[in-house]
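Novice: The chain contents come next:
Protein chains: 2
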Amino acid sequence: MTEIKLTGRGVCIGGFTAGGAKDGKYGVAIIKNNSVCRCAALFTRNSLKAAPVLVSRENVKNGIQAIVANSGNANACTPNGLADAKKMCRIAAGALSVDEKNIAVASTGIIGRLLDMGKVEALIGEVSGGLSAGKSPDAARAIMTTDTVKKEISVEYKGIEVGAIAKGVGMVCPGMATVLCFVTTNANLSDAELYESLKSAADSSLNMLIVDGDMSTNDCLFLLSEGTKKCSALDFRHALDYVLVEITKMLARDGEGATKLIEADVIGGETPEIARTCARAIVTSPLVKTAIYGENPNWGRIAAAVGSVADVDFENLEIRLKSENGEATTLKKGQGGDLKQAEAVLRGKEILIIVNMNSGNGKARAFGCDLTPGYVKINAEYN
Amino acid sequence: MTEIKLTGRGVCIGGFTAGGAKDGKYGVAIIKNNSVCRCAALFTRNSLKAAPVLVSRENVKNGIQAIVANSGNANACTPNGLADAKKMCRIAAGALSVDEKNIAVASTGIIGRLLDMGKVEALIGEVSGGLSAGKSPDAARAIMTTDTVKKEISVEYKGIEVGAIAKGVGMVCPGMATVLCFVTTNANLSDAELYESLKSAADSSLNMLIVDGDMSTNDCLFLLSEGTKKCSALDFRHALDYVLVEITKMLARDGEGATKLIEADVIGGETPEIARTCARAIVTSPLVKTAIYGENPNWGRIAAAVGSVADVDFENLEIRLKSENGEATTLKKGQGGDLKQAEAVLRGKEILIIVNMNSGNGKARAFGCDLTPGYVKINAEYN
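Protein chains in written order, with my numbering: chain A, 1 to 383; chain B, 1 to 383.
Just chain A, with the same shape it has in the complex (with noise of 0.2 angstroms):
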């Protein structure tokens, strides 16, 4: 069998360039091809928009050659953000000689601020003048707000490639993917092939994964096929899964005041959506993040959050802890399991919380994290 390898390019394959910079708070990346990508995208289902998710709705349709994106402020709910973004776009343009319509624009930041356009403009020129082929480090860097490490992985399978940069960390809801997430490729695919298998990868992943619950105004996630490698939907899938899949861990593991990486595997639910629902509630429940958080296994929690949510008959409930310590049954056939060595399981670093609810086929996984002190301390403070 084929195997996925990562080759370490970032959003940097084929002909794909980017760079990126900061200064202060802002921060601003740019990715390009040299000539018009295929799009597909997903963006936040926020019905409050920011004014770069509008803009770029518009603009994905025609195609897009060059993404930039800014970090440090939102821009969105201010009174122009709709000509702050157009001008994002348009200085972007200028700077990279690309067709205004081609240009996709991102924000990420603080909401209800004015966008420093002066800063923009600055770091916009500053970044056009030296983008890198081969690698996407810096630009992966000039997204991150409250991240404490950058997000970017690429991989090839059966010489198609696929690259993605992503930030989080905070505001992570899966109302759509998630966060901002810029992915390119190789692969020569229809519109609608590309968007299909970007949606289908995204409700798999990013659509599963929860910080805190809070939806963002901003969240987008751009796919651009450059179209150079001929292949199979079938095969572009596999590889894109794995890329998004694997952005997504790097997301949860490096969640706001993070600890320990949370996994919720609903099997045996009575249809596919009730498992989504089932282990999108355990990861999203306060109470199962931090007891996760204080090593503590009450796992009561987690049994109340399916409760919460789904029929379930506690008889056939079976939930089970995982992690690199080892395994534990806390609850099978009404009864609870070895507490100490549910501990020593959650003791570990990356904890895989497995429900079998026995009714049925329906199975799904969500992404997490931990709820710490250091949550509450990041977002007391943010501006």
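Hint data in this document are derived by calculation from the structure and do not stem from the laboratory.
Any copy will do: because identical chains look the same in the list, a pair fits if it lies in one copy or spans two.
SDA-like cross-link-like pairs, simulated, lysine to any residue; straight-line CA separation at most 25 angstroms:
| hint | residue 1 | residue 2 |
| --- | --- | --- |
| 1 | 349 | 374 |
| 2 | 61 | 192 |
| 3 | 119 | 80 |
| 4 | 340 | 378 |
| 5 | 322 | 113 |
| 6 | 119 | 334 |
| 7 | 101 | 125 |
| 8 | 377 | 148 |
| 9 | 101 | 228 |
| 10 | 101 | 129 |
| 11 | 87 | 314 |
Model, not experiment: these values are computed from the prediction.
Keeping the supplied structure of chain A fixed, place chain B upon it in accordance with the hints.
Specialist: Here is chain B on its own, set in the frame of chain A:
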């Protein structure tokens, strides 16, 4: 206009007596009348209902003469929960000379651990021997878990008396009556009038209270009426609404780790249901809650919370903040307001967030508290 008067009797109005005692983590409270009372009740909507909920749901149909409640253990998700809940009724029935089928039982504490029936039996014996008339502080204290203060109130209005005790203060979500809350009255009303009054009062109070969004397996709200006072249902509702709103505020103020009470008033909603959804979204949002904790006027998070659950026209959205320190408009006609003034308002202890959607007459109020490192600490360690 007749005023509502505070009477300082707790649940010990009319012929009700009460008592309570603690033994380490365990506590038992008993409320008793000299005859069988009409009883209206609301229970958790969690599908994993604790054993005492299942037992009480049956017994309330017979009328209730006494409530027995324990803290320290939820008697939920254990193999012998039902037997233990029934045993609690039987023990209380014997000790109080009351028919077993007229006992309501309730439990609160950790889920999934066996109830220590020895402790419960000893405490029932101790408490039943010394029930007091006229006041109920021991009962209010005996049901506390992570509560830092007891919740107790009683009022008189046109000769109608209503008294209540309650406990919170984590795993609080408005899936129904929240937490444990026991209400007594002398109002002589039909079963249907009592139930409708209770449902309506809970919908504007306990059902709009969110501490963390986790729904308990054990919540129950009992209303016992001894029927000694003929009155209009409307007058009774007036008194009951007052009592439940006050209890709700006590619970919110004492939410786990809380330093501030948050009330969210949404007005101008297209429908009352939309206003309710938005008000709940605001007090649920971890980002709004941490901002309030940090006295950080990040009103964009309030806008984002509303936008995540309802269609919002940004130009029409108004956001004001009020507290004992004054008032600040933070958003109006698309323009942000004075952040220094907003910061001053947020240094208050009781924060009112007023959101006008300017798109109809729907209005609703939700209750909550800030999210603090204290919440995380309490729940990382709770057992």
